[in-house]
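Visitor: If you want the building blocks of each chain, they are given just below.
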Amino acid sequence: MTPLLSVYNLTKMYGHRVGCQDINLDLYPSEVLGIVGESGSGKSTLLNCLAGQLTPDRGRIQFKTRSGDVKDTLTLSEPEQLMLSRTDWAFVHQNPRDGLRMSVSAGGNVGERLMAVGSRHYGHIRTTAIDWLDRVEITADRIDDRPTSFSGGMQQRLQIARNLVTGPRLVFMDEPTGGLDVSVQARLLDLLRNLVRDMGLSAIIVTHDLAVVRLLADRLMVMKEGQAVESGLTDQVLDDPQHAYTQLLVSSVLQA
Amino acid sequence: MYVAVKGGEKAIDNAHAWLSEKRRGDKAIAEIGVGQIREQLTLAVNRVMAEGSLYDPDLASLAIKQSHGDLIEAIFLIRAYRTTLARFGKTRPIETTNMACIRRISATFKDAPGGQILGPTFDYTHRLLDFTLAADSETSVVESQDMSDAQMLPRITDYLNQEGLIQQEIQTGDEPGDLTREPLQLPAQRDLRLQSLTRGDEGFILGMAYSTQRGYGRNHPFVGELRVGGVVVEMEIPELGFSIEIGEIEVTECETVNQFTGSKSDPPQFTRGYGLVFGHSERKSISMALVDRALRWAELGEDNVGVPAQDEEFVLYHSDNIQATGFLEHIKLPHYVDFQSELELIRKLRCEAEIPSRDEEES
Amino acid sequence: MNEYNFAYLDEQTKRMIRRAILKGLAIPGYQVPFASREMPMPYGWGTGGVQVSAATLTPEDIFKVIDQGADDTTNAISIRKFFQKVTGIKVTDKTIDATVIQTRHRIPETSLTEDQILVYQVPIPEPLRFLEPYETETRKMHALEEYGLMYVKLYEDISRHGAIATSYAYPVKVEGRYVMDPSPIPKFDNPKMEMAAIQIFGAGREQRIYALPPYTQVVSLDFDDYPFEASKADHVCDICGSSDTYLDEVIVDDQGGRIFVCSDTDFCAAQQSAALESSE
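Protein sequence lines, in the order shown, are assigned to chains A, B and C. Quick note on numbering: our numbering labels position 253 of the first sequence as 295, and the sequence is numbered without any gaps. Quick note on numbering: our numbering labels position 336 of the second sequence as 582, and the sequence is numbered without any gaps. Quick note on numbering: our numbering labels position 123 of the third sequence as 1286, and the sequence is numbered without any gaps.
Honestly, the hints are just simulated from the structure, not real lab data. Just so it is clear, CB atoms sit at the ideal spot from N, CA and C, and this is done for glycine as well. Errors might be hidden in some of the hints.
Unchecked claim - One side of the interface only, derived from the structure: several residues of chain C facing chain A at Cβ under 10 Å:
{"hint": "1", "residue": "K1303"}
{"hint": "2", "residue": "E1308"}
{"hint": "3", "residue": "V1315"}
{"hint": "4", "residue": "D1387"}
Claimed, not checked - DSS-like cross-link-like pairs, simulated, lysine-lysine; straight-line CA separation at most 30 Å:
{"hint": "5", "chain 1": "A", "residue 1": "K106", "chain 2": "C", "residue 2": "K1303"}
{"hint": "6", "chain 1": "C", "residue 1": "K1248", "chain 2": "B", "residue 2": "K578"}
{"hint": "7", "chain 1": "C", "residue 1": "K1257", "chain 2": "B", "residue 2": "K256"}
{"hint": "8", "chain 1": "C", "residue 1": "K1253", "chain 2": "B", "residue 2": "K578"}
{"hint": "9", "chain 1": "B", "residue 1": "K594", "chain 2": "C", "residue 2": "K1355"}
{"hint": "10", "chain 1": "B", "residue 1": "K578", "chain 2": "B", "residue 2": "K311"}
{"hint": "11", "chain 1": "C", "residue 1": "K1253", "chain 2": "C", "residue 2": "K1355"}
{"hint": "12", "chain 1": "C", "residue 1": "K1395", "chain 2": "B", "residue 2": "K594"}
{"hint": "13", "chain 1": "C", "residue 1": "K1316", "chain 2": "C", "residue 2": "K1395"}
{"hint": "14", "chain 1": "C", "residue 1": "K1177", "chain 2": "C", "residue 2": "K1248"}
{"hint": "15", "chain 1": "C", "residue 1": "K1186", "chain 2": "C", "residue 2": "K1303"}
{"hint": "16", "chain 1": "C", "residue 1": "K1395", "chain 2": "B", "residue 2": "K578"}
{"hint": "17", "chain 1": "C", "residue 1": "K1244", "chain 2": "B", "residue 2": "K578"}
{"hint": "18", "chain 1": "C", "residue 1": "K1316", "chain 2": "B", "residue 2": "K594"}
{"hint": "19", "chain 1": "B", "residue 1": "K273", "chain 2": "B", "residue 2": "K311"}
{"hint": "20", "chain 1": "C", "residue 1": "K1303", "chain 2": "A", "residue 2": "K113"}
{"hint": "21", "chain 1": "C", "residue 1": "K1186", "chain 2": "C", "residue 2": "K1355"}
{"hint": "22", "chain 1": "B", "residue 1": "K311", "chain 2": "C", "residue 2": "K1244"}
Claimed, not checked - One-sided and incomplete, this derived list gives chain B residues near chain C with beta-carbon spacing under 7 Å:
{"hint": "23", "residue": "G254"}
{"hint": "24", "residue": "E255"}
{"hint": "25", "residue": "I258"}
{"hint": "26", "residue": "R325"}
{"hint": "27", "residue": "L579"}
{"hint": "28", "residue": "E590"}
This is chain A alone, in the form it adopts within the complex (with noise of 0.2 Å):
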């Protein structure tokens, strides 16, 4: 099986300060990859770097696209990297205030990406961000208001909802449950689970919270002052920790 994505030597500097380096990985469809490390260590320039929404100084990254052809998308012409970010690819911000828009009614925003592919039948649209509201267990009749009368879990699902409508192939996450209360976390990492499992989603999720990537990570990758100190299996990553810095994360979390 060809990867989804693969990521050769990637690399990317502020300065003479190391954001991430030499960075490899691939992501297997219908897998979730999850990066650990405290904050600093490169974690989200990698995620940001991949998702096209930085420019790493060095490094390839290959996605396979939906008719099958291997593209580099650092190369991707600028329509082209549009046309990947709102058709194959998602992108789910920490603070959803940065994925939403906040004067644009709750239908608006999970009909966007519709509209901004061509759909142009008001009712389908309407008929679509009504399912996919109630997926992400908000009620029909919270359609029309705007997310800035929800609550910071709700505008969150309103979020992962604008991004899974069009089925995307790859989702980036930057820390999903981050900024949310304790309770609120477990229902959104509980929805999460769901919609990976019933979509088959491809996922790549960064965070600081071993418990989010034990739940819906498959594989584990460690970073640590820009580097990969360790990946491999989340199960393995967890129980049993090689790399010093794993095992001080593992048992910080433990003792906590």
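Position chains B and C against the provided structure of chain A, taking the given hints into account.
Guide: Chains B and C in isolation, oriented as in the chain A frame:
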């Protein structure tokens, strides 16, 4: 039967006649001469020349007279006239280092070669109405003592430059753009930004500059040097093969020295903002320098903190008072066709929402 | 100094404007930047249209100017007088006689022909401006055909009001490519834009020219299940009796009594004289 409104043409003629009567005012009072405006309202004349982008005190004075003293209207007259002028060529860059200064001050050094020259300034006047001016006589003119001749003076920022403490301005030799001949395309380079600022509305540029001082993009400016005086204008004549002096103009130049802590590519050093304006226009040139400096954030690797003065599109698209006043005042023009369609839409939407109209409520 | 060049602008400037017009015609609906000049009337009062007309008019042309559909509105008079003064060409208020028509806010009711040019005055040429204030962004959106946001606006209208709440300056898509602002004409006029005449749009303050060659496809944006409707007041003209023209509502007495009359004064007058002749 209803007949559509007519008579617009006659109404316009009458309006113009009335306007010209208003301009003249009470005929018992002597009419103001263009020469009087040029000589006695020089700062108004300077502003009209600067924002009209045309250095001609006589025409600017005429425009002020014709516009009843409405300076934006006067600037408009000058711009509309300027656009019809054939372009013979362009002058060599003026050399402000060789300026014959009537005023030159620095806030960064107590003294410097050439000294601080106050010149004709309001700075230390007490803003008390001088009722002696109300009497139409010449008695209130005080002759200035020891008015030294205009002089050529070294540049203050050059002293900082010798030590390498201030960022070097690189002479690129590129032909500067011309806003009046090419459409403004964004992002703009510094040449176009400076051109836009120097002919921008004084009030707008002042407001933008003030906002940076109040924390909306602070850049800690010092007035490195402010100089006012005459510079010669030279033009290269292809047939002669050398340049000749074609005249002299008065300009105000301000260089600010700004704090800068360094970035990933540059060591800590001072940076500059630059203002250059036709005539004696200190407020404008200092404001211009502050806004110029704020707009240089990208070039200097600073953060965009999202304030208006850092936003090139915001500043450049809204600085021109002729564009602004025209668009603002155009809402006086009839819009009844659009208003009609809005009326119908509102009625239709209310009807669909089943809100009873007032008539129905009453009946 | 009363000697101005024909049509006020110098020949170099007119050539520059003509190049922009030709580029606009070659890429229908695309906004071509041009170095707009200061004109002797204020920005926002038709300087874009005036510059396009100045670059388009020849000494043989017959010129008509309308504002709100009427020849006798003050700004139309002012622009017409300006061109009479600086060109000496013939002017008319008859749509069928004119070769160049400059308009603000209306398209004449009489169908235009291949021998005519319609020049629009445009205040804000960018249809995406009120969704995205930055020019650098909107130009990119046009380049990438990123028009999803435009539909989000229409979607929001329907979800809130049950209808698309845009009644003038209603956005259109040109030849399946560029989304274009038709200038603030009432949406009643939108279907007329697929016409035989050349249409040129001038925005002076915003320094943009765009154009539609004859018979260009112009589609008003809508949803399949909420189709575009070219609506007007549900009345007939109280003067000429026309039932298919755009109507102005005029308040005629202190009690707020009102009548509806054709906004296109030339068309209305022609209908009246035709009715008079047939009755004689």
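Visitor: So which of those numbered hints doesn't the model satisfy?
Guide: none
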